[in-house]
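Asker: Spelled out, the chains give:
Number of protein chains: 2
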Amino acid sequence: MARYKVILAYDGTHFQGFQRQAGARTVQAEVEKALRSLGWGEESLLSSGRTDTGVHASGQVIAFDLDWRHSLEALRNALNARLPEDVAAKQVEEVPGDFHPRFNAIERAYLYRIIVAETRDPLRERYAWRLWPPLEAPEALQSAAQALCGTHDFSAFGTPPVEGGSTLRHIYQAEWRENGDEWLFEVRGNAFLYHMVRRMVWAQVQVGLNRLSLADFLEAVQQARPLPPGLAPAHGLVLTGVRYAENRQEAKNWMRSLL
Amino acid sequence: MARYKVILAYDGTHFQGFQRQAGARTVQAEVEKALRSLGWGEESLLSSGRTDTGVHASGQVIAFDLDWRHSLEALRNALNARLPEDVAAKQVEEVPGDFHPRFNAIERAYLYRIIVAETRDPLRERYAWRLWPPLEAPEALQSAAQALCGTHDFSAFGTPPVEGGSTLRHIYQAEWRENGDEWLFEVRGNAFLYHMVRRMVWAQVQVGLNRLSLADFLEAVQQARPLPPGLAPAHGLVLTGVRYAENRQEAKNWMRSLL
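Sequences listed follow chains A and B, in order.
Taking UniProt numbering, the leading residue of the first sequence gets 1, the next gets one more, and so forth.
Taking UniProt numbering, the leading residue of the second sequence gets 1, the next gets one more, and so forth.
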């Protein structure tokens, strides 16, 4: 028996999110079904965290214990042969028995993609939020993103996974990049509140559309002043990766060092 | 009554190609259904040409005659409101009554996308051919592409739309571009035989994999020597655009000037 860490990619379009729930098609349930056919008998796999209905991933991380006598490559191939077309195991490695994809994580990275187009775009809208009219103040996006960096109480942007839990999060990088008629938002942080990336994107876009003042946005970040409700669509968001410390203690020290 | 030219985009995944056929879900049938609900009563719309099952388009061109009393923008929006999610009208313009999207066309442009990856990639495979193992001789791709340019008898690469029709075609540009783990093939020509782009891509990839010699490829292009059978998958291909001469005579002159 050993513990395995797997990097998963999935197209979230036809999933009701990552986390297993009765009666719903979820990524976790599909992966657990594939694992069971390889002799896995645990209650639940471990993950870096859930993703919402419709959110995609190119770098979700899961872990599980399995009695496997063949190579890592053979395990990856056996999983891919059993997983549906919209989920794939990109990489498999053996990790220490106390590795936990959520508690050892020191960084999560997300990418949000916007296309600015007046009409529907069937070849791109599966993985992007189509925005129209165009941004009036694109330069304000960069100022807004800049303000997100650092340690803040992000309660205006989401709710903690546990009721009453901390709403402090540390953002390492938040950046908008223009590419033709696309706007790409990359954000890396130690962890994210529920809905936090989609709220960040939505609020920044409101600033770019001159529907929310930059000053109100800054107060939401710096003083946790509430924002109007609103959420960028799930299908523009991809969880691109999760980074790890060697062990839980190192991860804890890392978190403390940020505060 | 006036003639309208429309640029269409579609995701080919769930279509049995462009052309109407009984009992099949096709792009043409969906667009004609939308047009009928706007009072259109012709037998058939006109198009720049068909695309195979599974092939995508960002720049397919169609035309039809319609009695429409509102703006072009209103026509575009009315079409988009009636078309399914995987087809969209990107642009609508009024054209002279003798405009024909196939006969007036002087250039078609296609893009073929390959990703080089060992495992399935759920976020990209809808619009790309996943190739593994990697190319052994990527530089041979450029030589092969270069050889495609100019006027050649392309009978090794496809069949003409009409039995016994000419297999001469003029390729203006054929180019491979590497982008991270992707290979993009752009090709522009006056017209293409049935399956021609997919055969071109397949044969060039065989050269890059050292499974077909560059000499055999060059003989197929320069002397129409047959190639082994093989076709790159439809889902990597996008019809990106069609260019037009002002009228049919100008288009004919253009064609003649190439030969």
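Each hint should be verified, as a subset may be incorrect.
Since the list can't tell identical chains apart, any single copy or any two copies may satisfy a pair.
[Claimed, not checked] Only pairs whose alpha carbons sit at most 20 Å apart, straight line, appear in this in silico SDA-like list of lysine to any residue:
no.	residue 1	residue 2
1	Lys-90	Glu-118
2	Lys-33	Gln-249
3	Lys-90	Trp-132
4	Lys-33	Ala-109
Calculated from the structure, these hints are not laboratory results.
Asker: For each hint, tell me whether it holds in the structure or not.
Answerer: Here is how each hint holds up against the structure:
1. Taking the shortest Cα distances, Lys-90 and Glu-118 sit within 20 Å of each other only across copies (8 Å), while inside one copy they are farther apart (36 Å).
2. In this assembly of identical chains, Lys-33 and Gln-249 lie within 20 Å of each other by CA distance neither inside one copy nor across copies; the values are 32 Å within and 63 Å between.
3. Taking the shortest Cα distances, Lys-90 and Trp-132 sit within 20 Å of each other only across copies (14 Å), while inside one copy they are farther apart (35 Å).
4. Taking the shortest alpha-carbon separations for Lys-33 and Ala-109, neither the intra-copy value of 27 Å nor the inter-copy value of 44 Å comes in at or below 20 Å.
Of the hints listed earlier, those the structure fails to meet are numbers 2 and 4, in rising order.
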